[in-house]
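Chains as they are written, first to last, in our numbering: chain V, 1 to 115; chain A, 116 to 231.
There may be inaccurate statements among the hints.
For the chain A half of the interface with chain V, some residues (derived, Cβ under 7 Å), not all of them [as the list claims (entries may be wrong)]:
#1 Pro145
#2 Tyr147
#3 Gly167
#4 Ser202
#5 Asp218
#6 Met219
The hints are simulated quantities; they were obtained by calculation from the structure and are not laboratory data.
This one's a predicted model, so the numbers in the text were calculated from it and none came from an experiment.
Just so it is clear, CB atoms sit at the ideal spot from N, CA and C, and this is done for glycine as well.
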Amino acid sequence: EAQVTQNPRYLITVTGKKLTVTCSQNMNHEYMSWYRQDPGLGLRQIYYSMNVEVTDKGDVPEGYKVSRKEKRNFPLILESPSPNQTSLYFCASSQSPGTWTDTQYFGPGTRLTVL
Amino acid sequence: AQKITQTQPGMFVQEKEAVTLDCTYDTSDPSYGLFWYKQPSSGEMIFLIYQGSYDQQNATEGRYSLNFQKARKSANLVISASQLGDSAMYFCAMREGGIGNNDMRFGAGTRLTVKP
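Generate the whole structure from the sequences, applying the supplied hints.
Rendered as structure tokens:
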């Protein structure tokens, strides 16, 4: 089954404790991205990757890191989480970069709470 | 600047009736795609329908159709014969052409409640 998976689905942590949210897709997609969803703001892009070893900032990258060492995986790293990073996070992928016709497929979401 | 605007934070519809969810967008790019996603209370984002800027006809997918008015820059989602399972958050999104990050831009969403 074609899908995007994320882990963990739920996480409660404390300020400053490093964490990683994993994302994996099995569709051989080149483009992957991370979003955060906050009430009234829709989804905002954190980071994106156009292919292996090619990553760049989205609209709200502060406090986050990513890496893309393999095509299928795109982990999101919070080196020192703060309460304002409490949010619902989505990983997404699409077939190819630079294509405005491509649908993005989303993972199930990770609900993160930082105390 | 806000590229996607959904002016209806919440909507109610009676079961079996049709409902229209509004979406307007702003772009100067001639090439763009418009997308609608559904987010039920479980949280996942489900792709519903796509409309390309060069498409001559309005897109349809089962009970979903997209009322695309290019000159008005609107891409309203029409759900026919509403069902209780249609109760969810709905997001309009746009992806522009051009070189570089063809990020998908989202509106703030509309929460639809279907009443029995």
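Here's how the hints hold up against the structure:
1. Pro145: Result: violated, 10 Å to nearest chain V Cβ.
2. Tyr147: holds (6 Å)
3. Gly167: Glycine 167 (chain A) check passes; min Cβ-Cβ to chain V is 6 Å, inside 7 Å.
4. Ser202: violated (18 Å)
5. Asp218: holds (5 Å)
6. Met219: The hint holds - methionine 219 (chain A) has a Cβ within 7 Å of chain V, the shortest such distance being about 5 Å.
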